[in-house]
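Protein chains: 2
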Amino acid sequence: MSLVVVGSVAYDAIETPNGKRDRALGGSCTYIALSASYFTKPCIVAVVGEDFAPEDRALLESKGVDLEGLERLPGKTFFWSGVYSDDMNERTTLRTDLNVFADFRPKLPPSYVHQDYLFLGNIQPTLQSEVREQMREVRFVGGDTMNYWMLHTRDDLLATIRNWDFLLINDSEARMLVHEHNLRRAAQKILDLGPHTLVIKRGEYGAMLFRRDTLFMVPGYLLEDVFDPTGAGDCFAGGFVGYLAERGFDLRNNHIDVHELHRAVIYGSVLGSFCCEQFGVERFHTLTRKEIDQRFDEFRRFTTF
Amino acid sequence: MSLVVVGSVAYDAIETPNGKRDRALGGSCTYIALSASYFTKPCIVAVVGEDFAPEDRALLESKGVDLEGLERLPGKTFFWSGVYSDDMNERTTLRTDLNVFADFRPKLPPSYVHQDYLFLGNIQPTLQSEVREQMREVRFVGGDTMNYWMLHTRDDLLATIRNWDFLLINDSEARMLVHEHNLRRAAQKILDLGPHTLVIKRGEYGAMLFRRDTLFMVPGYLLEDVFDPTGAGDCFAGGFVGYLAERGFDLRNNHIDVHELHRAVIYGSVLGSFCCEQFGVERFHTLTRKEIDQRFDEFRRFTTF
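The listed protein sequences correspond, in order, to chains A and B.
Quick note on the working numbering: the first sequence kicks off at 1 and runs consecutively.
Quick note on the working numbering: the second sequence kicks off at 1 and runs consecutively.
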């Protein structure tokens, strides 16, 4: 069961109270694919420039990520730089150079179009729709978005998510999407927009899963040290969809035990927490499935009563 | 098994986006006792003025609260007024009139000193110590405090909590108490100060329980409407200690199954959530033990994976 992932591959300059990196591999597609690779084979659709380093390509390959859909264009790879506040709850973007990402028109290689699962990372909603239309027989499709698209391309966004099985966004985005502060009411309004499953990420405070008939909540994993939160939300997405793909669920036809969705939220939380332990994607150099499953078990111990 | 509760009884003027009350029964002791009354007999130690209304006394009596330790002095009852921000995450105090509470010197009636359980609400640490010394054979003692005492009477506070079984504070207070932002590390430092059990309340984000060998986390109950959060933290305390007292646990000698402590945290969360559903203590006019147990079961459904 393979998972197609669309999003950005980037170089990030990151500064946190724990140190800095001038040029670290990043981007939503990178984090999602690396996290999902512990559960399934991610097939990525993204674009990089001529400066994309062989060692970064090698990291993705070493995790079994299918790079056939990774386009390489003349120019430079998407570059982002940001700095975190002392408590790491706030982040200021210093610079965003779209570079080759500016003209990204995702094209699926023929080998991708019959894959079972599709996760659409945060890119322009019409591009997300174009990718969705290229897929032939998906068993689930879901994705992420952000406040920018809610403000500037709201109609496109609503048309895009109408046929998704799940939407995965953070709490402030959920409130903004339906203009409702109370999360319980906001969630019900979002479920009216199309997706039958909604996951709301709350950063260090955990995550929630909503469906018409059910609610699931998990607190955040309490780390001894948060080194760098960059990519944690995307890693959550990768763990969540990776687990669902590994288990072979057909969300399209709603063939799933809700407890499996709950477990997918836990795996998302686990991957998000590991991501914060080192800079950028560095934790993935050593992270093992055994460590992931051990932290899953820890979540059970920490929340059982 | 009776529980002695020390704290304030007050009249509050509260304004939230949902409305206002000019003079509502409040105070930490009131909220703690009302919440604990669903589990055990609370014996309160507090002071009111001549303006204390018969109907407020009647509410406490109707819940089986022992009022022998409720002193009535010439003058007015403690008065507080505050207003909440639109999202209710911030509260501005408009006025604090200590009135008879200014000279409060808690004296335990003879019938109280042999009770089993003691909860010291947020008052001056030396007064908390004086009450503790009047008790003869407690099976657990714990309490609450606040940033004011950390800043102005730190040595007294540290001496006071040294012999407590548990401390129950919110996340910003925990960070301030040991000058450590990371909650996991802050918790370990607080456990070095004396209490073997620490509960950190995080408002809408839930609560955590720390001991040397264990950690428990629960997300906040997701209300459809938060009417008025005043007293929610004290109701959490009342549910937590009330359940422990009902079950007859001897925390002093550490005779407890940790899962029972986890359940006490859930009951605390349940009582805190009910408190927010109406203004001040109004929800307690109709709240039943059956509703409390139903919400406890809901917590289990919402967090099981």
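Think of the hints as simulated: they come from the structure by calculation, not from any bench.
Where hints are given, some of them may not hold.
Unchecked claim - Here's a subset of chain A near chain B, in silico, CB distances under 8 angstroms, partners left out:
hint: 1; residue: M146
hint: 2; residue: N147
hint: 3; residue: M150
hint: 4; residue: L151
hint: 5; residue: R154
hint: 6; residue: L158
hint: 7; residue: G203
hint: 8; residue: E224
hint: 9; residue: R263
hint: 10; residue: F302
hint: 11; residue: F305
Computed from a predicted model, the values in this text were never measured in an experiment.
Just so you know, even glycine gets a beta-carbon here, dropped at the ideal spot from N, CA and C.
Cross-check of the supplied hints:
{"no.": "1", "hint": "M146", "result": "violated, 21 angstroms"}
{"no.": "2", "hint": "N147", "result": "violated, 17 angstroms"}
{"no.": "3", "hint": "M150", "result": "violated, 19 angstroms"}
{"no.": "4", "hint": "L151", "result": "violated, 20 angstroms"}
{"no.": "5", "hint": "R154", "result": "violated, 23 angstroms"}
{"no.": "6", "hint": "L158", "result": "violated, 24 angstroms"}
{"no.": "7", "hint": "G203", "result": "violated, 10 angstroms"}
{"no.": "8", "hint": "E224", "result": "holds, 5 angstroms"}
{"no.": "9", "hint": "R263", "result": "holds, 5 angstroms"}
{"no.": "10", "hint": "F302", "result": "holds, 5 angstroms"}
{"no.": "11", "hint": "F305", "result": "holds, 4 angstroms"}
Checked against the numbered hints above, the structure violates hints 1, 2, 3, 4, 5, 6, 7; every other hint is satisfied.
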